[in-house]
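Residue numbers (the working numbering), protein chains in the order written: chain U, 1 to 264; chain H, 1 to 254.
I should point out that these hints are in silico values taken from the structure, not numbers from a laboratory. Mixed in with the good hints, there may be bad ones.
Said to hold, decoys possible - A few chain H residues that face chain U, going by a derived Cβ cut-off under 7 Å, partial list only: (1) Gly12; (2) Ala160; (3) Phe161; (4) Gly162; (5) Leu170; (6) Trp252.
What the hints assert, rightly or not - Distance windows between CB atoms, simulated: (7) H:Gly165 x U:Thr171: 31 to 41 Å; (8) U:Glu198 x H:Arg102: 35 to 45 Å; (9) H:Arg148 x U:Asn225: 27 to 37 Å; (10) U:Asp13 x H:Leu93: 20 to 30 Å; (11) H:Trp167 x U:Gln185: 51 to 61 Å; (12) H:Arg148 x U:Glu198: 57 to 67 Å.
Predicted, not measured: the structure shown is a model, and the values here were computed from it. Positions of the beta carbon are idealized from the N, C-alpha and C atoms, including for glycine.
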Amino acid sequence: MVARLDKVGFSHDGGKSFVFRDVSLSLRHGEFVAVLGPSGVGKSTLLRVLMGLVRPTEGLVGGRACAVGSGQVEGGRRSRAMVFQDARLMPWRSVMRNVEFGLEGLGLAATARRERALKALQLVGLEGEATRWPRRLSGGQRQRVGVARALTVDPDLLLMDEPFGALDPITRSGLQEELGRIWAQTRKTVLFVTHDIEEALRLATRVVVLAGGPPAHITGEIVLNLPDRSPDSPAFRTYAARLRAMIGGEPDPGGAPYWRSAEI
Amino acid sequence: MKEGLGRSTRIGLSLLGLVLFFGGWEIAVRLGALPAGMVPAPSDLGPAWLAEIRGGFWQQAILDSLHHYCLGLLIGSVLGAGMGILCGMGAVLDNLLEGVVRLLRPVPGLAWVPFAILWFGLNTAGATFVIAISVFWINFYAAHSAVRGVDPELFELSAAFGHGGFWGRLLKVVLPASAPGIMAGLRTGLGQGWMSVVAAELFGVPGIGARMMQASSLLATDVVVVYMLTMALLYAITDFLFGLVRNWVLRWQP
Chain U
1 MVARLDKVGF
11 SHDGGKSFVF
21 RDVSLSLRHG
31 EFVAVLGPSG
41 VGKSTLLRVL
51 MGLVRPTEGL
61 VGGRACAVGS
71 GQVEGGRRSR
81 AMVFQDARLM
91 PWRSVMRNVE
101 FGLEGLGLAA
111 TARRERALKA
121 LQLVGLEGEA
131 TRWPRRLSGG
141 QRQRVGVARA
151 LTVDPDLLLM
161 DEPFGALDPI
171 TRSGLQEELG
181 RIWAQTRKTV
191 LFVTHDIEEA
201 LRLATRVVVL
211 AGGPPAHITG
221 EIVLNLPDRS
231 PDSPAFRTYA
241 ARLRAMIGGE
251 PDPGGAPYWR
261 SAEI
Chain H
1 MKEGLGRSTR
11 IGLSLLGLVL
21 FFGGWEIAVR
31 LGALPAGMVP
41 APSDLGPAWL
51 AEIRGGFWQQ
61 AILDSLHHYC
71 LGLLIGSVLG
81 AGMGILCGMG
91 AVLDNLLEGV
101 VRLLRPVPGL
111 AWVPFAILWF
121 GLNTAGATFV
131 IAISVFWINF
141 YAAHSAVRGV
151 DPELFELSAA
161 FGHGGFWGRL
171 LKVVLPASAP
181 GIMAGLRTGL
191 GQGWMSVVAA
201 ELFGVPGIGA
211 RMMQASSLLA
221 TDVVVVYMLT
231 MALLYAITDF
241 LFGLVRNWVL
251 RWQP
């Protein structure tokens with residue numbers, strides 16, 4: 001078990017009212033789990049609970065990736081890494097040094113750090129921009145650097161907080177494709193927060209819907225079986241309809257045969 | 001604003017302004033519009049300056065003042081920026097010192113001169129103290145507000161990648177992120193420091209300020225102006241050199 005949430009709840013006012021509650025979730029090795037939900041249900045907070053940045057008001061957080069207190073594990077690695085919605089690069093560091101950031105303090109020699117950062121940059125196709133300042137990059141490139149920075153610490157669990165939410169549709173689509181390729185290549189365990197049904201269906205192996213409330217809770221969960229991830233495929237549309245229903249708080253229409261939804 | 005004017009045009013205009021300033025001044029003195037006993041003509045300044053150099057006074061005054069200036073600037077800047085950073089980072093320290101800061105802040109550097117004389121005497125230490133105090137506050141406030149202005153999301157980033165402790169935040173986020181503000185404070189302090197040099201030396205600690213005081217008591221206005229211009233020159237040099245350092249440190253900025 002890479003990470004586990006057990007009846008986790010979060011409250012801003014010490015327990016009087018909860019943003020979300022009773023959230024239980026297990027992440028198995030190699031899974032790509034999308035947490036889908038409308039804005040304001042605390043998806044990002046849930047992510048930060050797993051990251052160890054926010055203490056849950058109630059419930060337990062466990063699993064291999066979360067058992068390590070400081071997040072630092074043997075072999076120059078970190079147990080968890082995070083990709084933020086706003087890339088969040090340090091403007092005073094070059095692209096390369098931004099990627100190296102997570103490797104600092106792990107006892108690596110400078111050359112080893114550089115080597116690993118360069119490898120991560122190659123993975124996202126930005127090795128040619130290593131010496132540039134972040135302000136010179138496009139939004140999509142900045143986000144790729146954010147992904148490289150997270151990948152370079154070789155985490156057990158990669159947490160992504162709507163990483164493509166602020167990008168234009170074309171760039172977003174390109175990065176989704178690339179993330180899919182990187183995931184297929186690295187088989188990292190990923191928890192991906194999004195409010196975009198299509199995005200969840202394009203990337204995930206499992207979708208968990210956080211909605212309802214307040215307090216929000218998990219209103220449904222689908223393990224995806226999508227050999228064809230094009231949005232026009234019948235299976236894709238059936239899943240999308242089911243997810244929409246879960247977000248709206250309706251009961252799951254279930255695995256309706258695709259011809260039925262296709263007829264409508 | 002400045003668009004439409006090329007670099008060389010701007011430099012040319014600025015030089016022309018200086019020529020007009022000194023030319024007008026010279027003419028005003030020659031025509032008697034300004035009393036020659038009160039205002040020296042620019043053409044008198046060269047000989048006065050050469051006399052000061054021949055006597056060795058000019059070089060010695062600069063060396064003495066540079067000594068006070070550098071020492072006071074260093075102490076005041078390091079302590080001021082350091083305290084500003086610490087107060088900006090820690091709410092407890094910030095609130096603890098807020099009353100004291102409000103109490104001491106309005107006291108002008110000159111007001112510390114009696115204490116400088118009492119505590120340190122009419123010597124380098126006393127002059128350094130006065131300069132350091134006036135530089136301290138500029139750097140304190142510059143660093144304080146720069147640190148306060150650091151994007152809190154960078155602290156979250158820092159914590160997410162294992163640098164959430166005090167030193168991690170200080171070295172990986174606070175110092176680089178607030179560098180533009182701290183640098184601006186240092187630069188202002190650089191100018192303020194030269195102003196305080198005169199105040200610190202007026203009471204007899206040897207240096208440019210003391211030399212100006214001696215000259216003015218002898219009504220040698222040309223010598224006074226020579227040292228005024230000397231100070232302007234020294235300020236221009238230090239500001240230029242610091243500008244180079246600043247541009248290198250902040251080379252990541254647009």
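Tested hints:
Annotation: interface hint on Gly12 (chain H) violated; nearest CB of chain U at approximately 33 Å, more than 7 Å. Of the supplied interface hints, the one on Ala160 (chain H) holds, with its beta-carbon coming within about 5 Å of a beta-carbon of chain U, less than 7 Å. Below 7 Å, beta-carbon pairs count as interface contacts, and Phe161 (chain H) has one with chain U at about 4 Å; its hint therefore holds. Taking 7 Å as the C-beta cut-off, the interface hint given for Gly162 (chain H) holds, the closest approach to chain U being about 5 Å.
Hint on Leu170 (chain H) is violated. Least Cβ distance to chain U is approximately 13 Å, over the 7 Å limit. Interface restraint check: Trp252 (chain H) against chain U, minimum CB-CB distance 4 Å, threshold 7 Å, status holds. Checked against the hint of 31 to 41 Å, the C-beta distance between Gly165 (chain H) and Thr171 (chain U) comes to roughly 36 Å, which is consistent with it. Take Glu198 (chain U) and Arg102 (chain H): their Cβ atoms lie about 57 Å apart, and the range 35 to 45 Å is violated.
Arg148 (chain H) and Asn225 (chain U) have their C-beta atoms about 52 Å apart, which leaves the hinted 27 to 37 Å range violated. In this structure the hint that Asp13 (chain U) and Leu93 (chain H) lie 20 to 30 Å apart at CB holds, the actual value being about 28 Å. Checked against the hint of 51 to 61 Å, the pair Trp167 (chain H) and Gln185 (chain U) fails, with Cβ atoms roughly 36 Å apart. Checked against the hint of 57 to 67 Å, the pair Arg148 (chain H) and Glu198 (chain U) fails, with Cβ atoms roughly 41 Å apart.
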